[in-house]
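Colleague: Respectively, the protein sequence lines represent chains X and Y.
Here the first sequence is numbered in the working numbering, starting from 597 and rising by one per residue.
Here the second sequence is numbered in the working numbering, starting from 249 and rising by one per residue.
It should be emphasised that the hints constitute simulated quantities derived from the structure, not laboratory data.
Because the structure is a prediction, the values reported are computed rather than measured.
Some hints could be false.
Stated by the list, open to error - PhoX-like, lysine-lysine: derived pairs with alpha carbons at most 20 Å apart:
| id | chain 1 | residue 1 | chain 2 | residue 2 |
| --- | --- | --- | --- | --- |
| 1 | X | Lys789 | Y | Lys334 |
| 2 | Y | Lys323 | Y | Lys250 |
| 3 | Y | Lys353 | X | Lys859 |
| 4 | Y | Lys265 | Y | Lys334 |
| 5 | Y | Lys347 | Y | Lys257 |
| 6 | X | Lys677 | X | Lys645 |
| 7 | X | Lys789 | X | Lys617 |
| 8 | Y | Lys347 | Y | Lys334 |
| 9 | X | Lys859 | Y | Lys265 |
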Amino acid sequence: MNTLDLNTDQSPLMILDIVFKTHIRDIMATDIVTAPRTATMREVQQIMKESGLTGVPIAEDGVLFGIITIDNLFNAINDEKSDASVTEYMVSRLITLEDDMPLSYAISYFNKYPFRRFPVVDKAGKLVGLVTTRDINVSLLSKLFSKLKELEAAAEKDEVVGPERMRKVYRLYQHDFENAGQASTEIKAFLQKKGVPSKLIRRVAVAAYELEINIVAHSEGGTLTVMVTDDFVRIISQDTGPGISDIDAAMTEGFSTANDWVKSLGFGAGMGLPNIKRVSDVFDIQSIVGAGTTVKSCILLNEQEG
Amino acid sequence: MKLEDVVEKLEGTLLNKAGTFQEALVGGVIVSDLMSDVLVVDHEHQFLVTSLATDQAVRTAHLIDASALIVCNGKAVSESMQRIAKQTGVTLISSPEAKFEVSVKLGKILGC
């Protein structure tokens with residue numbers, strides 16, 4: 597079984613922050629179903645059947661005596677002793693977690709012990725919940741999700757400084773032809789407001805648009821980072837995906853790896869990359885097969901230089 | 249030639265008028281279903297003739313400053329195409345005729 601190694605020296609701070617600041621009580625299931633010591637194995641079997649649980653704590657007034665798991669139940673059935681008391685089959689030497697322990701304890705307990713669930717007790721030793729690996733997964737994923745969203749929002753913070761300069765990151769998704777072109781339209785509008793000559797705007801629009809189409813048609817998604825200053829427009833397209841194995845071929849007019857579907861939408865004629873290069877004053881393409889492609893296009897806004 | 253006059257003689261259905269419709273000019277014609285080929289053309293005021301009825305045809309027309317986009321062969325022009333045409337200011341026309349017929353007409357109108 598794989599283990600999650602929480603190493604304080606090497607784990608990302610974000611993860612450590614989550615696993616140390618989240619408490620067991622935040623992630624445990626509290627709607628637990630218990631059975632008293634007087635219950636029979638058959639009764640516990642019925643509880644499991646009705647609740648879908650695979651472990652039932654044996655407790656009375658919050659005092660924990662043991663736990664019956666599926667394994668114990670199988671043993672009873674095997675012995676043909678379904679009517680036996682739960683005390684005969686329950687696991688009574690229990691490893692428990694405390695509700696104010698950090699999440700890291702639960703993770704290390706699952707690494708250390710073969711159990712699939714741990715009862716959780718409070719300071720007074722009373723049963724207050726149960727923790728399964730599923731609870732940990734769900735809480736970790738949802739916390740990571742919100743942390744990553746925060747990070748993305750911070751990283752992609754757009755910067756439109758007056759009518760003259762802008763920096764913006766556009767996110768594009770695989771096969772999302774519906775929204776491809778929106779970034780280019782926005783950039784065009786910005787340049788029009790800025791008073792850039794239409795011939796130059798057209799060059800920028802063509803480069804941005806072809807890059808957008810490339811991301812949605814050929815990659816698994818990526819970003820278009822646009823920077824406009826008084827002197828230039830720089831567009832950097834970064835995608836993750838198959839990459840380009842032969843850049844020279846891809847830069848040849850008419851060479852295309854597009855499928856019929858992309859072609860039916862009016863693209864994939866093998867003109868994209870050569871066209872971007874044609875309209876750019878500075879052009880650079882780098883690709884790693886199996887990882888993705890980065891294309892940089894820069895168009896000077898001072899026509900004498902261009 | 250003025251776009252208004254060209255549109256009138258073409259007898260297509262005018263689905264959206266750009267804000268600049270009255271003063272727009274037609275400087276040339278591009279006939280293609282491949283938008284990548286259209287994006288290579290480096291002239292203003294082009295009249296774009298296509299049978300590609302997709303959102304991207306409208307976006308392409310907008311990005312190359314085409315004077316108008318005509319969707320031929322009676323292809324259905326979707327609501328989203330019309331919405332994008334409105335948003336981006338593209339004059340959008342539909343025609344039941346084939347691209348060739350429309351092109352011949354355009355040639356005659358423009359005196360090619």
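Colleague: Each hint should be assessed against the structure and marked as holding or not.
Modeller: Hint by hint, here is what the structure shows:
no.: 1; hint: Lys789(X) <-> Lys334(Y); verdict: 19 Å, holds
no.: 2; hint: Lys323(Y) <-> Lys250(Y); verdict: 26 Å, violated
no.: 3; hint: Lys353(Y) <-> Lys859(X); verdict: 28 Å, violated
no.: 4; hint: Lys265(Y) <-> Lys334(Y); verdict: 8 Å, holds
no.: 5; hint: Lys347(Y) <-> Lys257(Y); verdict: 16 Å, holds
no.: 6; hint: Lys677(X) <-> Lys645(X); verdict: 18 Å, holds
no.: 7; hint: Lys789(X) <-> Lys617(X); verdict: 48 Å, violated
no.: 8; hint: Lys347(Y) <-> Lys334(Y); verdict: 24 Å, violated
no.: 9; hint: Lys859(X) <-> Lys265(Y); verdict: 29 Å, violated
When the structure is compared with the earlier hints, violations turn up for hints 2, 3, 7, 8 and 9 and for no others.
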